[in-house]
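A.B. asks: Got chain A; can you put chain B with the ligand on it based on the hints?
Here are the chains, one letter per residue:
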Amino acid sequence: MPHYQLDHLTALEHEAIHVLREMAAERERPCLLFSGGKDSIVLLRLAEKAFRPARFPFPVMHVDTGHNFPEVIEFRDRRVRELQERLVVASVEDSIRRGRVVDPKGPRASRNRLQTTTLLDAIEEQRFDALIGGARRDEERARAKERIFSHRDEFGQWDPKNQRPELWSLYNTRLKQGEHFRVFPISNWTELDVWQYVKRERLELPSIYYSHERSVFARDGMLYAAAECVERLPSETPFREVVRFRTVGDMTCTGAVRSRAATIEDVIAEVAASRQTERGATRADDRATEAAMEDRKKEGYF
Amino acid sequence: MSAPGTFMAMESGAELLRFSTCGSVDDGKSTLIGRLLYDTKSIFEDQLAHVEDVSRRRGDEYTNLALLTDGLRAEREQGITIDVAYRYFATPRRKFIIADTPGHIQYTRNMVTGASTANLAIVLVDARQGVVEQTRRHALITSLLRIPHIVFAINKMDLVGWDEGVFRKIEAELRGFAARMDVADVSFIPLSALHGDNVVERSDKGPWYKGPALLHQLEHVHIASDRNLIDVRFPVQWVVRPQAKDHHDYRGYAGQVAGGVLKVGDEVVVLPSGFGSRIARLENFDGPLDEAFAPMSVTVHLADDVDVSRGDMLCRPANRPVVGQDLDAMVCWMGDLPLTPKNRYALKHTTRNVRALVQGIEYRLDVNTGHREQGVAKLERNDLGRITLRTTAPIFYDEYRRNRTTGSFILIDESTNGTVAAGMLLSEPR
Ligand SMILES: Nc1nc2c(ncn2[C@@H]2O[C@H](COP(=O)(O)OP(=O)(O)O)[C@@H](O)[C@H]2O)c(=O)[nH]1
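Line by line, the protein sequences give chains A and B.
In case it helps, the working numbering puts the first sequence at residues 1 to 302.
In case it helps, the working numbering puts the second sequence at residues 1001 to 1430.
One chain only, chain A, in its complex shape (with noise of 0.2 Å):
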């Protein structure tokens, strides 16, 4: 690197903690969205660059469907501990009891969509009024818009067609009453750069992103975890499978791909490899671009 350059990992950094401290200070009720995946464990460690030696001005919330992985929630509550942070648990089963949703029955139900719910109650009721969340631009294509400060309305939606320009690094952090933004600091960074991310800062991320054996079943030319809270139909044998997850989302819709990829570089090399697969190539890595595409579409979740 020439003197007084940085590299692009540390530019994006430098990036997303300007956006941390910006919104800090010009917001009163912000929180930082934690789902227990890669992108939100890469905004915890950008809280701690931000604001540390203090405490972050801000909890962290979790939505939990009552179908996440237990080792996901294990993590949870260990990283949280371990900050010595404020953890705020929005739960859908709560909303589901409060006679908010209704909890889908079935074998191919999920509280998935029932998050939204959970989640605007959740925002009203402790009257957030600016949700940090690790979506990134790269997602897909209607997200390459997003702005950084992302307005929503009154009923927590999202006007493309609407949106404030955002010109050099000034943010304009204004709101009317009810509304909010969804704040997202690594908008610029793409999939490639948060695994470099967790590699260069040895991030711990749940261990059912590393290759481990368990029971599975197939679905849709996909693996899900055979677990009780996921319905199987009576095909729908399970069996034992060396497997990692790409996404820890709800279990009822997070697929597994066949991977032997334990260490971080071994997952690095193996997203990589996903990528270069040919069209019509076998049916293993038709699965792995599946899985590619799960991703996307579940980390833009929020």
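To be clear, the hints were calculated from the coordinates, so they are not data collected in a lab.
In this text, all values refer to a predicted model and were calculated from it rather than measured experimentally.
Quick reminder that beta carbons are idealized off the backbone N, C-alpha and C, glycines included.
Be a bit skeptical, because a hint or two may be false.
Some chain A residues judged to face chain B by a derived CB distance under 7 Å, without partners named [to be verified]:
| id | residue |
| --- | --- |
| 1 | Tyr4 |
| 2 | His8 |
| 3 | His14 |
| 4 | Glu124 |
C.D. replies: Leaving out everything else, chain B with the ligand in the frame of chain A:
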């Protein structure tokens, strides 16, 4: 998106280059971006499959790479890009962020937005049309926003038989224009986005062209000296004061360096108070630092117990920004309602929020001809013009041409909260 082929090579850490692209409808901007993404292997299998499928169904002769960059549905249906979209690709040397902006005059504000953070601009020219009004507009906006490097991509060379004369004529005309616009670095590349000539690889078509392919230019353009490393400017963004026993006396000023190089031991002055002190420590989460430069986010500790808060600025005693309330600025108007004298707005400059009253409009700039129209009563959306403002409190600024961070501001309409103007500060106050 990340280039799979360069995944491993990228790990060593490459530089970041932000560039914007502008062109008129049908100049081939989408095709060019699609080509850059495709030829650098930055496309995921599923995206490509989708584009191939759509192209086939539409009966296109070629796989329409322009489809790779289509955005929101409504825009897709109209077949034009109407907002700034950001795209990503990487090579072993650099990681690129593209601000893809529309070219039509009614979207000048989008172009300004995309240009505000760019190190480089690609301006597309259709070789068959030559330099048209829109080309001049794109070049003018690029120069006003002080993008340090402009690449004129003379596209569709295949349709003029790679005729050197056509290229040279366009080049000569734009060189003259760029000289008048005071653009530091311009280059000209003949190419065919559709066929990929001179985009990623040098092509053997047009052997008279001796320069690099577009990607090579993007990878090698020298951007290190574009930043201001002379004038120390540190807008205080956030005061770190842990409420904990073991950090009882800790008081750090966090922010992003906006100019110059801060060094431990340097004498500094705090604006607006004018108190002097010394940099006792510089640090970030990873530990102490000897120095810090733009755009690093760092924490500064001062030797003395002076009162410093968000919105203040640290600088060197002998090199201070302008401290002023009467501002002279070039603005791009973005509001639905026009700008007129006597209007009041919120003004955000670095980490400082003040209010501003519009004193007057000096002139409106005709973005197609560069002509300065005096005596106008208002600026409409997408107009550019020079105005004077009076703020409720002083701001600490530099001329935009000297520092794009301390020289820029936004105006916000306090009734709608909309961002209504991008402003670039000029010279000394009158
Ligand atoms: N022959 C030729 N056609 C091109 C070239 N680049 C773009 N086109 C065509 O020009 C038309 C407009 O291109 P598009 O990329 O959609 O333009 P945009 O409106 O600037 O994004 C399409 O039909 C392209 O196939 C080129 O280099 N040569």
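A.B. asks: Each hint: holds or not?
C.D. replies: Structure-based check of each hint:
1. Tyr4: holds, 5 Å
2. His8: holds, 4 Å
3. His14: Interface hint status for His14(A): holds (4 Å vs cutoff 7 Å).
4. Glu124: Violated, about 20 Å.
Hint compliance for this structure: hint 4 is the single one not met.
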